[in-house]
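Enquirer: Take a look at the letters that make up each chain.
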Amino acid sequence: MHEIPINHILFLSTALFFIGVYGFLSRKNMITMLMAVELILNAVNINFVAFNKYLFPGKLDGLFFTIFIIAIAAAEAAVAIAIIINLYRSHKSIDVDEVNDMKY
Amino acid sequence: MMPDTILIALIPIIPFLCFLLLGLTGKKLGAFSGLLGTASMAVSAGFAALTAYQYFFHVGKIDGVFQKMVVFNYHWLQFTPEISINMGMLLDPISVMMLVVVTFVSLMVHIYSLGYMKGEERFSVFYSFLSLFTFSMLGLVLSANLFQTYIFWELVGVSSFLLIGFYYTKPSAVSASKKAFIVTRFADLGFLIGILILGFNAKTLDFGLLIERLIHVESPYLQTAIASSFMGVSALTWGLLLIFVGGAGKSAMFPLHVWLPDAMEGPTPVSALIHAATMVVAGVFLVARLFPIFILSCPVALDVVAYVGIFSSLFAAIIACTQTDIKRVLAYSTMSQIGYMMFALGVSGYEGEAGLGYMGSMFHLFTHAMFKALLFLGAGSVIHYIHSNEMKDMGGLRKAMPITHITFLIACLAIAGIPPFAGFFSKEEILAAAFHKNPVIFYVGLITAAMTAFYMFRLYFSIFWNKPTPSAGHDHHHHGEGPFTMMLPLFILALCSISVGFIPFGQFVTADGQFLANEFHPMFSIAPVSLALGGIFLAMLFYKNANELPAKLAVSMSVLYASAYRKFYIDEVYLFVTKRLIFNLLGRPAAWFDRTIVDGLMNLIGGLTSGFAEMIRGLQSGKVQSYAIWFFAGVLGFAVLFIYLW
Amino acid sequence: MNLTLLLLVPLSTALGIILLRDVKHIRLMAAIGSICQLGLAIKLLLAYQTARLLGDTSQMLFQFKYAWYPSLGIQWHFGVDGISIAMILLTAIVVVAGILFSWKMSFQGKEFFLLLVLLSMGAYGFFISLDLFSLFFFLELAVIPKYLLIAIWGSGKKEYSATKLALMLMGGSALVLVGFLGMYEYAGKTFDMLQLAQAHLPLEVQKLLFPFVFMGFGVFTAIFPFHTWAPDGHSSAPTAASMFLAGISMKLGGYGALRMAVYLMPEAAQYYSPLIIILASIAILYGAFATMMQKDLKYINAYSSVSHCGFVILGIGMLTRTSVTGAVLQMFSHGLMTALFFAAIGMLYERSHTRQIGELGGLMKTMPFISCVMFIAGLCSLGLPGFSGFVAEMTVFMGSWENADTFHRVATIIACASIVVTAVYILRALGASLLGPIKNEHFNHLADATWNEKIASALLIVSIMALGFAPFWLNNLITPDATLIIHALGK
Amino acid sequence: MFYLLGTFILLFGFLSVTTRHIFRAAIYLLFCLIGIAGLYFALAYEFLAAVQIVVYVGGIVVLVLFSIFLTHRSGEDLPVPSRIKEFIVFALAFIGFSLTYLILNRSGMGESEAPAVAPTVQNIGAQMLDTQSFGFLLPFEVVSILLLAAMIGAIVIAIKDKAIPSKSEKI
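So the protein lines, in turn, are chains A, B, C and D.
Taken in order, the first sequence gives residues 23 to 126; the numbers are from this note's numbering.
Taken in order, the second sequence gives residues 6 to 651; the numbers are from this note's numbering.
Taken in order, the third sequence gives residues 27 to 517; the numbers are from this note's numbering.
Taken in order, the fourth sequence gives residues -5 to 165; the numbers are from this note's numbering.
No lab work stands behind these hints: they were computed from the structure.
Quantities reported herein were computed from a predicted structural model and do not represent experimental measurements.
Just to be clear, a hint being listed does not mean it is correct.
Heads up, incomplete: computed chain B residues facing chain A, CB under 10 angstroms, no partners named [as the list claims (entries may be wrong)]:
1. Ser626
2. Gly627
3. Lys628
4. Val629
5. Gln630
6. Ser631
7. Ala633
8. Ile634
9. Phe637
Okay, the calculated bits of chain B under chain C, using three or more residues with CB under 8 angstroms as the criterion [as the list claims (entries may be wrong)]:
10. 78 to 90
11. 193 to 203
Beta carbons: idealized from backbone N, C-alpha and C, even for Gly.
Turn these sequences into a full structure, and let the hints steer you where they fit.
Expert: Now the structure itself:
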């Protein structure tokens, strides 16, 4: 009935999610890590949308979640970037490995 | 009737109080401390003489037998219900005789030191040590308890240590004192174990009971002591032999004699007192003290005593012929004479005529104390004059020091056994005893006697003849022979060396306490006396005037001479055993093992713990990303675990 | 005689020290407190002897009980017998001497004296406790200040030594605690020593718990192979701490091993006796040989302590009345003697700034008093009659010899042999450091002991001599209690 | 159409996390987000697609670009991460992906045939501000407060603090 099987969409979102994870874990630059987090969030969004459309078409809850996630992602990005900038000021770097003041 | 306890107790206590007084306040007393020490020693000697008089002529003899009298006994330390250390005083012929000898020689040395040690910085310390030694020696001879003997034995050892090392800034004196202490300490280990064996077999440490229980064949104690054996030798024999080891250490018997020649590093009066007259005969005294057990229960041990004695005697005599340090010659001669005393005990029997050796031994101990002290004090005044111990620095002194010359000659004649000097009588007794018991020992003893005469006169001629008299204006011969305080003891001792031989010793000191006549057979005396005269003649030939003969002889007998000169390399063997073997094979590995293995193990445990902690700590790197990786890996791990493995 | 006083005096001294500010007042306070305590100890001794003379035959005198944690059976239970009185007396003497010897301590003097007083309080509490829990409490109280004393006021590699010492002693007390808890469980929830002694634990339990308690206390006594804290700890510790360490805390171990292990678990003690004897013999001879090679005076004394404490273990392991008495005598004697030795070394070190025997030499000339003190300590250590060491060692030998079989005899002979080795290393140390020519020019200008050092040395020497000349008073004090312990063995 | 979009999204997503050039990474991210918006279109969620473009493309990516300008001199390459770490991370990501996908495949999704509600702006608005059942007013308010708080927080964090005295003055 639907032209695209749900599993294919889920494949897409899963792949995107783990691309994000890969980026988050492998990048040292905080901004790129932040971007990877955005990818993860988007993968989740895709899931919500897909589930809403395929499994619960009679409701809009998935859509609302997606909207809220987008809003929170915006807030998160703002705060994260503020932190990054502050760190950059104090450490002259935004490399996560160099910000290891909390070790031991 | 008992002798006066207080009187006897005061004999050792006076020197002890003197020691405390001088030791604590010596510096303030200065030169007066010497007078104080001498005076107290004189009082003590007087009391000793009084005690001897009382004992020998009034109270000691009951039914014609001299008794062992315990005049005082106090439980000092109780071990088991039966065994305790008591502090007591035991009077019997030998202890009374020793009291007299010790206090008398000590008094002489005290007087002599007034002159000899004059101007010494630690004058008062010297006197306090002398007092300590006298106290310990008196305590030793008065002991009523085997363990008490051991206690004072150790104290004697330490006071000897202190006095040998009196010139403590001289490294040779320090090492000599250490050597003396450690060698005798090693022997004392034997003594201690011997005490344990005997004490626990007899269930007592009191001399009276101990001897009582170990000499009767039917005594159960003796039977167990003989029955229990270790390595095929009975416990009793072990005990006695080990005690003899202790005695041999103090008395410088081969092979524990090495400390004695080195001990000559001490001041000469000390050598005279400790290393000639009193302390070194403590071993003889100890064997004599336990003599009944030796002779009645364990003749084997007594044979060992005899052979060790005769061997040491000959051995020391050979070495004495080659030494050039006059005090060392005297030291070896002391060793040789103590060997005499030892083998005399060894060939002795117990009762009646058979006890001749015992009597002779004690007699020789007595006379030897006189003339050997005289020899040392004479040598001391020579050293005082020349400022050297070496024979080659001496010669032709007879004009410069006439008193010393004459007294020294008397002493030499006495030790050589020329009648009518003291040594002759005691030596005769010993040789006669040996002749009856064991011809081998007798002949070796004869040879030794001849050698004694030879080396003593070698010494005498080298010092007083040999070279022409030094000119009067010679640089360092500024003073005369020495003060009156040094000459007086020489006189008195010379007098004694001439006269004490005439004491009917057998009336006083015998093995069984009964009368034993001193008999002399002129025919028997011919051999030893003529041999001694031969030795003297030989020495005169060699050394009266400077000539080539000794050197030639030395060359012709080079191997023997060299090894005797090097004291048969015994010192080297000891050095090898101690320095090389004990230090390297025991000490060093123990220290290494401790630092590396034992401590290493502890450190390893600590290291492992902290290493593990270090490892875990590495995870807490502060790197957020690695936390994330671990976190994610953990999530995955749990996911796999819960989905597939659960 | 109220035993709580023995705790109150140090406690109030400690409070006083906390309140005072000036170091001069503080050390005066500490000295007064410790002297009061010495007075108390002597009074206790007299009161005890009077009570015994009057016919008091109960095992522990002056008992005091107060339920602390009734639900767990924990209580304050104090009481003393002859052995503990001997130990208390030893502690009191060493504390007075230690405080006098650290009179010049100016760096953080307040904390220093406070810790010393606390440590002594731990020791007193340990010796009077009859309740295993409070005993353990005081044991810990005696351990912890030592870490600080060494780590703060020490010298050399002090942190390492302090950590090692604290960890090993803590390990020991952990073992002890395991043993205690085991006994507590099996004996029906009681920590009371007297009840535990009556409880007769089953043999299997004893065999299980004995090694914990014995080895735990053994660590304190520097039993082989857990002795390595001693050389490092002693060598780094300041003088007073060394004295306390050797004079007091090694005795905690000996006392504990005797009281808590042998007395409470007699059958196991018999079972393990050969092992203990072997360990002790090793410690005695091996410690002595290891000492021969040491170059630092403090190491020499520390290793010789290992050797000497071996006699304590040997005496306990031999399990005869005489040997146990000897072990206690040896504890008493060794405490005084090592304290004196460490004090002498401390005085030398303070002046010459070196402890290497190769660098010292000829000090007898410039410091006759200190040298004499060291000589006396050395002679006592090598077991010279007239000093306490002789009495104690001989009693141990005698007691050991009572066991008439080859194994025990050989062990005794090994122990006896150490007197020769002891003589070697003591004379080597004394000879090299005190005698001979003066090695270093600046030694010529060193001053001799000051008044406080003289008083403290005299106190220790007099105590040593008091035992050496008249051992019977202490012997008579200890023997009845040693007999009691041996009776528990069923011998 | 969908597969084309999907390829596009994944390609740019992947490029975005692997490129060594940070500026390019941001641009790739932008493309990826646009692709997702396209996906929403394809699924007929037009409003959502619009929000996606407005907030993400217009907001967040711009914010990221700003911060890149602030913290980087442009044209600088990112450091190469260590091979081992990269490999581990890649392996982890791959394992995670396969695990997840295996589970997805194993469980069939019961697709619903219920009548669909059209995701029109009207419907969305009505339900979002509805206080009745399934209304989202409360979350909406919470999110708005969160946004406010985030805004203030971001300002506070990023502000240059001149008021705090230096350490030396303090002591």
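Enquirer: Confirm or reject each hint.
Expert: Status of each hint after checking the structure:
For Ser626/B, the suggested interface contact is upheld, since its CB lies about 5 angstroms from the closest CB of chain A, less than 10 angstroms. Residue-level restraint check for Gly627/B holds (minimum Cβ-Cβ distance to chain A is 3 angstroms; threshold 10 angstroms). With a cut of 10 angstroms, the hint placing Lys628/B at the interface with chain A holds, because the nearest CB-to-CB distance is about 5 angstroms. Here the hint on Val629/B is kept, as its CB sits about 5 angstroms from the closest CB of chain A, short of 10 angstroms.
A cut of 10 angstroms between beta carbons decides the hint on Gln630/B: the least distance to chain A is about 5 angstroms, and the hint holds. The beta carbon of Ser631/B is positioned within 10 angstroms of a beta carbon in chain A (closest approach about 8 angstroms), and the interface hint is therefore held. Checking Ala633/B against chain A by beta carbon gives a least distance of about 6 angstroms; that is within 10 angstroms, so the hint holds. At about 5 angstroms, the closest approach between the beta carbon of Ile634/B and any beta carbon in chain A falls short of 10 angstroms, and the interface hint on this residue holds.
At a threshold of 10 angstroms, the smallest CB-CB gap from Phe637/B to chain A is about 7 angstroms, leaving the interface hint in force. Check on the stretch 78 to 90 of chain B: 8 of its residues sit with their Cβ under 8 angstroms from a Cβ of chain C, so the three-residue criterion for coverage holds. Coverage of the stretch 193 to 203 of chain B by chain C holds in this model, with 5 residues showing a Cβ closer than 8 angstroms to a Cβ of that chain against a need of three.
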